[in-house]
Amino acid sequence: MAKLLLPLATLLALGGCQGVKDTSINSQPAKPAILTSVNPSVVATLQQAIQQAKGGALVTLADSVFTKRSELLIDHAMSKRPDGRVIMGAHNIKSEKFILQLRNNQCELYYPKKELTTVLEGVTCKEL
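In the working numbering, the protein residues as written are 1 to 128.
If you are wondering where the hints come from, they were derived from the structure by calculation, not from laboratory data.
Do not take every clue at face value.
[To be verified] Below are the BS3-like pairs computed for lysine-lysine, each with C-alpha atoms no more than 27 Å apart in a straight line:
hint: 1; residue 1: Lys97; residue 2: Lys80
hint: 2; residue 1: Lys97; residue 2: Lys68
hint: 3; residue 1: Lys54; residue 2: Lys114
hint: 4; residue 1: Lys31; residue 2: Lys126
hint: 5; residue 1: Lys126; residue 2: Lys68
hint: 6; residue 1: Lys31; residue 2: Lys80
hint: 7; residue 1: Lys68; residue 2: Lys113
hint: 8; residue 1: Lys54; residue 2: Lys113
hint: 9; residue 1: Lys113; residue 2: Lys97
hint: 10; residue 1: Lys31; residue 2: Lys113
hint: 11; residue 1: Lys31; residue 2: Lys54
hint: 12; residue 1: Lys80; residue 2: Lys54
hint: 13; residue 1: Lys94; residue 2: Lys68
hint: 14; residue 1: Lys94; residue 2: Lys80
hint: 15; residue 1: Lys114; residue 2: Lys97
hint: 16; residue 1: Lys114; residue 2: Lys68
hint: 17; residue 1: Lys97; residue 2: Lys126
hint: 18; residue 1: Lys114; residue 2: Lys126
hint: 19; residue 1: Lys94; residue 2: Lys113
hint: 20; residue 1: Lys114; residue 2: Lys31
hint: 21; residue 1: Lys97; residue 2: Lys54
hint: 22; residue 1: Lys94; residue 2: Lys31
hint: 23; residue 1: Lys68; residue 2: Lys54
Fair warning: this is a prediction, and the values are worked out from it, not measured in the lab.
Go ahead and model the full structure; you've got the sequences and the hints to work with.
Right, here's the structure in full:
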């Protein structure tokens with residue numbers, strides 16, 4: 001009987017620990033945000049965060065990025081013929097989505113495809 005009680009007590013103790021709510025800083029909900037100021041340093045920080053999240057080359061971002069909306073959609077370039085015309089149906093790659101968020105007065109860039117959040121150092125934003 002004692003042999004059965006020890007494993008049962010261990011399982012109950014472990015299960016109880018998993019049921020404890022996480023009250024760490026990261027558990028606070030992130031809120032959609034927009035940038036409060038945009039300058040070349042902010043754009044470079046965003047470009048690097050996007051490149052690290054999705055891979056590939058640096059993306060070109062407008063100077064008004066994340067100033068009106070908290071979401072950014074990045075489309076892949078279309079293949080072109082030698083004469084410069086777009087080849088229709090050359091790819092069917094979906095747009096990449098990024099969301100600017102504010103959590104604990106810190107700007108974050110969220111990449112839903114990989115469920116990846118990157119803290120943006122030196123970037124200021126406000127709740128949308």
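Which earlier hints can't be squared with this structure? Of the numbered hints, just 6 does not hold.
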